[in-house]
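Given next are the chains, with one letter for each unit.
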Amino acid sequence: MKKLIAIFYFMVISVFAFSQEVEMAVEMRSSGKIYVVVAVLAVVFIGIVFYLISIDRKISKMEK
Amino acid sequence: MKHWWKFVAVLFVLYAIIAGFLMDVPALPILHETIRNLYFHVTMWMAMMVLMTISLIYSIRHLSGFKNEHDIVASEAANTGLLFGFMGLVTGMIWARFTWGTWWVADPKLNGAAITILIYLAYVVLRNSIDEEQKRAKVSAVYNIFSYIMLLVFLLVLPRMTDSLHPGNGGNPAFSTYDLDNNMRMVFYPAVIGWTLLGVWMMTLKIRIKKIKLKKGL
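Which chain is which? The protein sequence lines are A and B, in order.
Quick note, my numbering runs 1102 ahead of the 1-based positions in the first sequence.
Quick note, my numbering runs 7 ahead of the 1-based positions in the second sequence.
Looking at chain A on its own, in the form it has when it is part of the complex (with noise of 0.2 Å):
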């Protein structure tokens, strides 16, 4: 019984350290910083698209 409760116990702590082991970025989400670099990146890809959009357009224009 000893050897049962010692093996429940280190079972226990191997995963509460494994979870505590893993850092993510939860200090970068809490403070909602994260959020910035999301906005940047979407404004990044929307004005990439909008070129991408313009040059469609010119090509249909002298395809005709």
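Any given hint could be a false lead.
[Unchecked claim] Here are a few chain B residues that face chain A, going by a calculated C-beta distance under 10 Å:
#1 Ala16
#2 Ile24
#3 Ile25
#4 Val32
#5 Pro33
#6 Ala34
#7 Leu35
#8 Ile37
#9 Glu40
#10 Leu212
#11 Ile216
[Stated by the list, open to error] Mimicking DSSO-like on lysine-lysine, the simulated pairs with C-alpha atoms at most 27 Å apart in a straight line are:
#12 B:Lys145 / B:Lys223
#13 A:Lys1163 / B:Lys145
#14 B:Lys74 / A:Lys1166
#15 A:Lys1160 / B:Lys218
#16 B:Lys9 / A:Lys1166
In case anyone wonders, no lab produced these hints; they're calculated from the structure.
Even glycine gets a Cβ: it sits at the ideal position worked out from N, Cα and C.
Since chain A is already given, all that's left is putting chain B on it; use the hints.
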């Protein structure tokens, strides 16, 4: 509405950017937040594979009819595919630097990817070295079939036959086996479709420019 698929491309990639950063991902050692690179690094290679497959199909179609149009599609698909291949290579290098600790390792998957890119660069060089149009189209179409087979061998077959650091190869589990949980699938699959369609869009633009140039005799 014949441009609907372009909207799908933009919408899906935009979704991948937003959800890719904000949705929950499994917390894994070594990877940490870089697991999100799955939505951007792997999708580059998926887009490249689709574009190279388009290139192969049009090379075969060219050989069974010798239409100039098919040759243009084959070459521009390969060109756009090369761009995505380079992006895949560079993004992979950055990812490797911060997970494996180095920009490059002599790994079958990495070297295979580099060789694949070189093989397709040789396709571009080959095209540029032949002046006569019909000869260029024929020779490069035959070479393109060869290079696609090499792509399959170096990217998909050889890395799986030996040990590799890269996920999905040589006994090393891919994300799909247990790491890629359903949350990640919800972002990963749309991201693949989005980036691929975006690549196809860029390809069609290049094809149309080339056709206009041909018409005007440039």
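Hints versus structure:
no.	hint	in the structure
1	Ala16	holds (9 Å)
2	Ile24	holds (5 Å)
3	Ile25	holds (6 Å)
4	Val32	holds (8 Å)
5	Pro33	holds (9 Å)
6	Ala34	holds (4 Å)
7	Leu35	holds (6 Å)
8	Ile37	holds (9 Å)
9	Glu40	holds (5 Å)
10	Leu212	holds (6 Å)
11	Ile216	holds (6 Å)
12	B:Lys145 / B:Lys223	holds (23 Å)
13	A:Lys1163 / B:Lys145	violated (32 Å)
14	B:Lys74 / A:Lys1166	holds (23 Å)
15	A:Lys1160 / B:Lys218	holds (14 Å)
16	B:Lys9 / A:Lys1166	holds (17 Å)
This entry does not satisfy hint 13, going by the numbered hints stated previously; all others are met.
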